[in-house]
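All chains, full assembly: derive it from the sequences and hints.
Chains as they are written, first to last, in this note's numbering: chain A, 3 to 114; chain B, 21 to 136.
Hints listed in this document are in silico derivations from the structure and should not be mistaken for laboratory results. All clues given are correct.
Restraint-style ranges between C-beta atoms, simulated for each label pair:
| no. | chain 1 | residue 1 | chain 2 | residue 2 | range |
| --- | --- | --- | --- | --- | --- |
| 1 | B | G36 | A | N69 | 45 to 53 Å |
| 2 | A | I55 | B | Y30 | 36 to 44 Å |
| 3 | B | R50 | A | K56 | 27 to 35 Å |
| 4 | A | M31 | B | H123 | 18 to 26 Å |
| 5 | B | L115 | A | S12 | 31 to 39 Å |
| 6 | B | Q74 | A | G18 | 46 to 54 Å |
| 7 | A | E60 | B | N79 | 29 to 37 Å |
| 8 | A | D57 | B | V136 | 48 to 56 Å |
| 9 | B | P81 | A | S12 | 30 to 38 Å |
| 10 | B | D119 | A | N69 | 23 to 31 Å |
| 11 | A | G18 | B | R29 | 31 to 39 Å |
| 12 | B | A122 | A | R63 | 17 to 25 Å |
| 13 | B | P81 | A | P81 | 43 to 51 Å |
Partial pick of chain B residues on the chain A-facing surface, computed with a CB cut under 10 Å:
| no. | residue |
| --- | --- |
| 14 | G23 |
| 15 | V24 |
| 16 | R29 |
| 17 | Q57 |
| 18 | G60 |
| 19 | Q61 |
| 20 | G62 |
| 21 | Q64 |
| 22 | G78 |
| 23 | L110 |
| 24 | A122 |
| 25 | G124 |
| 26 | F127 |
| 27 | R132 |
For glycine and all other residues, C-beta sits at the position ideal for the given N, C-alpha and C.
The lines below spell out each chain.
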Amino acid sequence: DQQVKQNSPSLSVQEGRISILNCDYTNSMFDYFLWYKKYPAEGPTFLISISSIKDKNEDGRFTVFLNKSAKHLSLHIVPSQPGDSAVYFCAAINNAGNMLTFGGGTRLMVKP
Amino acid sequence: KAGVTQTPRYLIKTRGQQVTLSCSPISGHRSVSWYQQTPGQGLQFLFEYFSETQRNKGNFPGRFSGRQFSNSRSEMNVSTLELGDSALYLCASSLDVQDRTAHGYTFGSGTRLTVV
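Written as structure tokens, this is what we have:
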């Protein structure tokens with residue numbers, strides 16, 4: 003049973019436009035949600051996180067929105083740049099700091 | 021400071037063999053976790069070690085095992101390799117629980133294991 007799901011395996015966006023990556027979860031016990039970016043042959047790199055008590059967190063071009071009632075979060079990248087092309091993973095963890103649970107990833111392609 | 025170091029980067033093994041992968045966490049990090057990444061299954065949690073003790077274990081067969089040393093370095097071992105074990109094995113470290121919930125783990129670049 004996948005507790006964290008990313009239903010879109012891929013997304014293509016024009017440079018300068020907004021990229022919106024979505025993630026759904028089923029476990030209401032998650033306390034933190036994180037986004038990671040991964041290039042081929044490299045480990046995932048932490049991007050941004052949000053606590054379950056917040057509904058928005060912003061860091062430069064990256065903003066994460068959390069809708070707890072819908073058990074849904076999204077990552078917005080504005081403006082998108084070709085260097086943002088990578089696989090993005092959504093992940094969740096509880097307050098006890100137990101294992102990070104990952105979604106299946108979404109491959110973002112930003113076209114120049 | 022140095023990041024998470026995994027060795028070797030690439031490995032080719034034959035079915036039935038065993039393999040040991042190594043991970044050196046960021047200095048001062050006491051928690052080390054291992055993940056398996058495959059194209060069809062995404063990132064799957066294997067196990068986590070903290071201060072030489074296994075704290076959590078994922079849903080993998082007993083052929084997958086690990087350990088952590090007093091200097092926090094960790095190894096994972098896979099015995100009786102199967103073709104399906106071909107994957108990128110990622111190691112991640114964190115300082116403590118609070119650090120992990122706010123910033124997640126710091127991942128190494130992984131070991132690409134190919135079983136033929």
